[in-house]
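K.L.:
Following the hints, complete the assembly by docking chain W onto the known chain B.
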Amino acid sequence: MNIVIRKDQWINLAIIASALWFIWFASTHFDKYTVRILNNIAIFTILAVSYNLINGVTGQFSLEPNGFVAIGAYVTALLLLDGDAKEYQYDIEDPYPWVLGLQANFVWALFFAGTFSALLALTLSFPVFRVRGDYLAIVTLGFGFIIRILAINNPEITNGSLGLNDIPEFSNLYWTGGVAILAVIGILNVVNSKYGRAMKAVRDDEDAAIAMGVNTFKIKTFAFCTSAFLEGVGGGLLAALLTSISPDLFTFFFTFQLLIIIVLGGLGSTTGAIIGTVLVIGGAEWMRFLDEPMNFGLFETPAMPGMRMVVFSIILIFVMLFAREGIMGKRELTDLFKRKGKK
Amino acid sequence: MDFLEFTQQLVNGFSLGSMYALIAIGYTMVYGVLRLINFAHGDIMMVGAFLGYFGMAVLGLPFVAAVLLAVVGSASLGMLTDKVAYKPLRDAPKISLLITAIGISFFLENIFNVLFGGTSRAFPVPEYMEYIINAGGIIFTVASLMVPIVTLMLLAMILWVLYKTKYGMAIRALAFDVNTVNLMGIDANRIIMIVFGMGSALAAVGGIFWAVSYPSVEPMMGVLIGLKAFAAAVVGGIGSVGGAVIGGFIIGFTEVVVVAFLPEYGGYKDAFAFVLLILVLLFKPTGILGINFDKSRF
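Chains as they are written, first to last, in this note's numbering: chain B, 2 to 344; chain W, 68 to 365.
Rather than coming from a laboratory, the hints here were simulated on the basis of the structure.
Keep in mind it's a predicted model, so treat the numbers as computed, not measured.
Check the hints yourself; a few may be wrong.
Calculated pairs, PhoX-like style, for lysine-lysine (alpha carbon to alpha carbon, straight line, at most 20 Å) [as the list claims (entries may be wrong)]:
| id | chain 1 | residue 1 | chain 2 | residue 2 |
| --- | --- | --- | --- | --- |
| 1 | B | 331 | W | 161 |
| 2 | W | 161 | B | 201 |
| 3 | B | 201 | B | 8 |
Per label pair, the in silico range of CB-to-CB distance [unchecked claim]:
| id | chain 1 | residue 1 | chain 2 | residue 2 | range |
| --- | --- | --- | --- | --- | --- |
| 4 | W | 223 | B | 198 | 35 to 43 Å |
| 5 | B | 133 | W | 251 | 24 to 32 Å |
| 6 | B | 133 | W | 70 | 41 to 49 Å |
Partial pick of chain W residues on the chain B-facing surface, computed with a CB cut under 10 Å [to be verified]:
| id | residue |
| --- | --- |
| 7 | 77 |
| 8 | 104 |
| 9 | 167 |
| 10 | 197 |
| 11 | 199 |
| 12 | 200 |
| 13 | 291 |
| 14 | 301 |
| 15 | 341 |
| 16 | 345 |
The beta carbon of each residue, even a glycine, is placed where N, CA and C say it ideally should be.
Isolated chain B (complex conformation):
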């Protein structure tokens, strides 16, 4: 057998190898704070590339991440905590017996988290994608609220507003970074497959896509469920990184951050989503000073919690009005190396 590796595949392998090397280097050499930010970046990369699949590639405006991330986080947390640890921390109501019995190792926990999210996404697709229009946005926005309401009102399962604590800290940079690499490879393969081309067709002209025989319902559902799966997995990694979760963690701000990431990076570009993640998550750390009191010499402003979010929303509006393509537009990293006219 003769395996031929093309030039662009060599480039891809080199990128993956250097990413793996960076993960090893960072987790052995960097301090705790930096590693924590890198962990965040890795998890948000997973979320951003999957969120970009439905918003950027398929062009269906959706506001779902906080809901599915919450599902993934709760499923993972329930599967990782052992019975004694659960019994100990359920203060509001006694947990159901089956809740105590839930148990799985980390890999299966992440898998179940993703699958459960994807199944929920499938059930949501039926009312939403059957009709044309922008109902997806409002239904997914409402979905995020419902998940929070459910989490608060079912203390027998979720421990209500107290949330779950002492989740075993399985996530480290190898896990988050490794899953992020797999997610990016997976998403890129989907985008470059015939399904990906159909998704782009739906985005660019839905009528033409229908006329060409694309089953738009199936394509949109596929994109939505794939996103939901990875968001569930990302939520699981997040739960095992933070070690404690509560309903207040998964507010709309979570989704909003991801929206800025993909808009800034360029809707429809996976590379853009990664660049956006680094900029926004890194930038959010840097912009912490905005929330604190500031001394301008002549006058001093008091601490203003929430100022960061104001800045974020102004950035979002600004990008939409004046630089709609974002950083990468719809291009990928590999497109930048291609010469014009060469196909």
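P.N.:
Frame of chain B, contents of chain W only:
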């Protein structure tokens, strides 16, 4: 359930439904002319409620003057968002418009949060509105009687504008075909701005009623109310003003009835509108009085 209790809940539902209806009209009108879910609409309602609060608590205005301030302020804000944020994107892909709308919504919530703090402030309800009427066992405040009456009056006014004036004709025409409206020598952008102004003014009234009934205002109040009002607009049939009112009443009544008769599900109060929205999308996407936009556009 006995008759008295039922009537009592009917009165409560009427009052709650009116508020949803007032806000839903703005959603439905903007959707009608732009095919845009104006995510910022709920927050414009919040701004209206805040302006009413400032008019009364800070400036010491009488209630009616404070309402006027809120209506004028919100209408201007609505028109301003259209001019600054939506108008430059008329020819852009729809998703850009929706993202901008979310951006405006988040901006308004957080700028109010930064400026005035996230805690809710007690709304200074005028005394005569808290006066309790006992009509044969049915107990309600003057405010909860005033809300539906004012709503119906405003609805009559909106319908008059829509069906008896030139502007109304232009608005209705815009819902069908923007290009032809432009060809007829009508400035579509001006009409769209008027629609934003009208919707935002109604939202301000709704917001003040909300602040009077649950006497408090806070920066995030617009999110959930806006979501439910949008559900109301879809249930009634998006694009139709009458439908928005019917949808508002349906959502208001369901909420009140479920909380009153199934108190163990009270925690899920905020989820009913959403469930109703899903059901309508499943079985009758055009809503009760809805127009099928997919067909009428082509």
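K.L.:
Each hint should be assessed against the structure and marked as holding or not.
P.N.:
Now the hints, each set against the structure:
| no. | hint | verdict |
| --- | --- | --- |
| 1 | B:331 with W:161 | holds, 16 Å |
| 2 | W:161 with B:201 | holds, 15 Å |
| 3 | B:201 with B:8 | violated, 26 Å |
| 4 | W:223 with B:198: 35 to 43 Å | violated, 53 Å |
| 5 | B:133 with W:251: 24 to 32 Å | holds, 27 Å |
| 6 | B:133 with W:70: 41 to 49 Å | holds, 45 Å |
| 7 | 77 | violated, 26 Å |
| 8 | 104 | holds, 5 Å |
| 9 | 167 | holds, 5 Å |
| 10 | 197 | violated, 30 Å |
| 11 | 199 | violated, 32 Å |
| 12 | 200 | violated, 34 Å |
| 13 | 291 | holds, 7 Å |
| 14 | 301 | holds, 7 Å |
| 15 | 341 | holds, 4 Å |
| 16 | 345 | holds, 5 Å |
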